[in-house]
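Q: Chains as they are written, first to last, in the working numbering: chain A, 57 to 168; chain B, 23 to 260.
Among the hints, erroneous ones may be present.
As the list claims (entries may be wrong) - Restraint ranges, calculated between C-beta atoms of paired labels, are given here:
| hint | chain 1 | residue 1 | chain 2 | residue 2 | range |
| --- | --- | --- | --- | --- | --- |
| 1 | A | Q147 | B | A146 | 12 to 20 Å |
| 2 | A | G123 | B | S121 | 46 to 54 Å |
| 3 | B | A146 | A | Q127 | 38 to 46 Å |
| 4 | A | L151 | B | S205 | 12 to 20 Å |
| 5 | B | R248 | A | W66 | 50 to 58 Å |
| 6 | B | P202 | A | L128 | 25 to 33 Å |
| 7 | B | G60 | A | L151 | 18 to 26 Å |
| 8 | B | Q169 | A | W150 | 17 to 25 Å |
| 9 | B | W249 | A | Q127 | 32 to 40 Å |
| 10 | A | V122 | B | A166 | 15 to 23 Å |
| 11 | B | L226 | A | I154 | 31 to 39 Å |
| 12 | B | P227 | A | A97 | 34 to 42 Å |
Simulated from the structure, these hints should not be mistaken for laboratory data.
We treat Cβ as the ideally placed atom computed from N, Cα and C, and that holds for glycine.
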Amino acid sequence: MSDSLMHSGWWLWLAFVLAGLATHIPRGSFIVAGSRAKLPAGLQRALRYAPAAALAALVMPDVLLVGGETQLTNPKLLAAIAVFIVATRWQNAWLPFIVGMGVLWSAKYLIT
Amino acid sequence: MNDAFRRGAREGFFHYLPLSIGLIPWALVTGVAMRGAGFSVFEAMGMNIIVFAGTAQLGTLPLIVIGAPMWMILATALALNLRFVIFSAAIAPAFEGVSRWRRIISGYLLTDGVFASCSPRMLASTDKDWRLGFYLAPSVWCWALWQILTLIGVLGASVLPTNWSLDFMASIALMVLLVPIVSSRPMLVAALAAGATAVLLHDLPLKLGLIAAIFVGIGAGFLAERWATENMNADTAS
Numbered sequence: 057m058s059d060s061l062m063h064s065g066w067w068l069w070l071a072f073v074l075a076g077l078a079t080h081i082p083r084g085s086f087i088v089a090g091s092r093a094k095l096p097a098g099l100q101r102a103l104r105y106a107p108a109a110a111l112a113a114l115v116m117p118d119v120l121l122v123g124g125e126t127q128l129t130n131p132k133l134l135a136a137i138a139v140f141i142v143a144t145r146w147q148n149a150w151l152p153f154i155v156g157m158g159v160l161w162s163a164k165y166l167i168t
Numbered sequence: 023m024n025d026a027f028r029r030g031a032r033e034g035f036f037h038y039l040p041l042s043i044g045l046i047p048w049a050l051v052t053g054v055a056m057r058g059a060g061f062s063v064f065e066a067m068g069m070n071i072i073v074f075a076g077t078a079q080l081g082t083l084p085l086i087v088i089g090a091p092m093w094m095i096l097a098t099a100l101a102l103n104l105r106f107v108i109f110s111a112a113i114a115p116a117f118e119g120v121s122r123w124r125r126i127i128s129g130y131l132l133t134d135g136v137f138a139s140c141s142p143r144m145l146a147s148t149d150k151d152w153r154l155g156f157y158l159a160p161s162v163w164c165w166a167l168w169q170i171l172t173l174i175g176v177l178g179a180s181v182l183p184t185n186w187s188l189d190f191m192a193s194i195a196l197m198v199l200l201v202p203i204v205s206s207r208p209m210l211v212a213a214l215a216a217g218a219t220a221v222l223l224h225d226l227p228l229k230l231g232l233i234a235a236i237f238v239g240i241g242a243g244f245l246a247e248r249w250a251t252e253n254m255n256a257d258t259a260s
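Looking at chain B on its own, in the form it has when it is part of the complex:
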């Protein structure tokens, strides 16, 4: 742990801290749902540590409850997590020069929130220790907060209010992440195309509409970027 790592850790932690509010409703809901599925506190926290993914946990619970075949549980979890392959590929250059077991831990800790909020600055930095700190501090914080809040959900399943629409805080957190990203025209195009596709395809099972929407958004952003640069080249040529 050198200076650059510590500086990165401090900056990453405070960068991500406000956004971690978005975890509160998610973790509570996940805890309540696992209790609702009939898990003991030990089983619920076991799943929470082994899987550590709200979407995959909530998505596979109904299958586990009915005793669905293993391949179906595996396939559903894979479909819900396909987006992480894209995230993993996008953030991978920031782990250049990092030891293997640290990369394995970093992979386990990868979440939507930390990826979206931390990857742009990580990819822009040339210091590998700073980058690792900037990633690990918010990720470990996210992990600890997730475990504690889920435990509160598990233990308080019967007394938590359900009519406060607290789940909307998760959407607010996603919007707070989205606003600074869409400052360029191609990014805005990517977001609008993905959002519209997700709305149109919301009926598809297994969140396949979400995955299709991500691909459409990436394609649209890429095309918008090429179109913009071609236009610029045409302008300078004339």
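Okay, chain A solo, but in the shape it has when bound:
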């Protein structure tokens, strides 16, 4: 361990274990509890929207914000639009990565 860390040995591993518990208790919660912890049917139907909501909440800030501001001529936004068009038209799963990174690099090169 380097001198930049204030604490040594066991402290660091305790921090890892706590961060691990804070990760794996939420992850395992309902999977492990299983049928003993059934959610109400209405809540379960609502939870079907969780993946769409979480994915959009992760992606949209990254694509729309540049240094905390919305900017419409930003290379990431152009690349994201290209990715969406490619992903809706074609089933190929590798193509969005190729086109997305291609548009991102070209747009960066052209704009800056």
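Guided by the hints, dock chain B onto chain A, whose structure is given.
A: Just chain B now, with coordinates in the frame of chain A:
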């Protein structure tokens, strides 16, 4: 390991394989960041195996570096992982009939990517062995790939290029997951509401804006669904 498990494993693996590219930048960045925090290779890989969560690892690193109090590290990691409670509840019905220790392993392996790409088909299947295979194969692949790529990040911290915007590959992977999901109107409403909320609340600390956005999105999707069915009922009644 019966036939259904093996068939599920094969299908799940190939279903998830292309999306696992999204892990490359994440894992490399996490490896570089842990090295930057002053961890030895052994400590970095220890954290990587114990925590196994890019967001929680990157989020707690600055706190660990300054020697922050334990409760703060715990609270931050919990806030970053709250979304997994929602995911765990949503995917739990697919583990009906699976033994306890397999469910514990499945919980440890739960990631955003596997959840988003595999849970719809798992929940639609009636074969519990097929479902377990469809979940475990991509999850174990994701785990192994994450460990190897993070190790490359840890070992190559000083030579990896930083100006290639490789982190954008993670966003592309998320978009590839999102496109097929938003094919129905309520799903699209959920995504747009969540995305807009996340953009508006991006200034909140501890990714609380992300959690608020997920709740807003779920609520909006649910309302859109009810509104759509009520309209349909009104149409058939008239």
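Q: Identify every previously stated hint that the structure contradicts and give their numbers, smallest first.
A: The structure breaks hints 7, 10; every other hint is satisfied.
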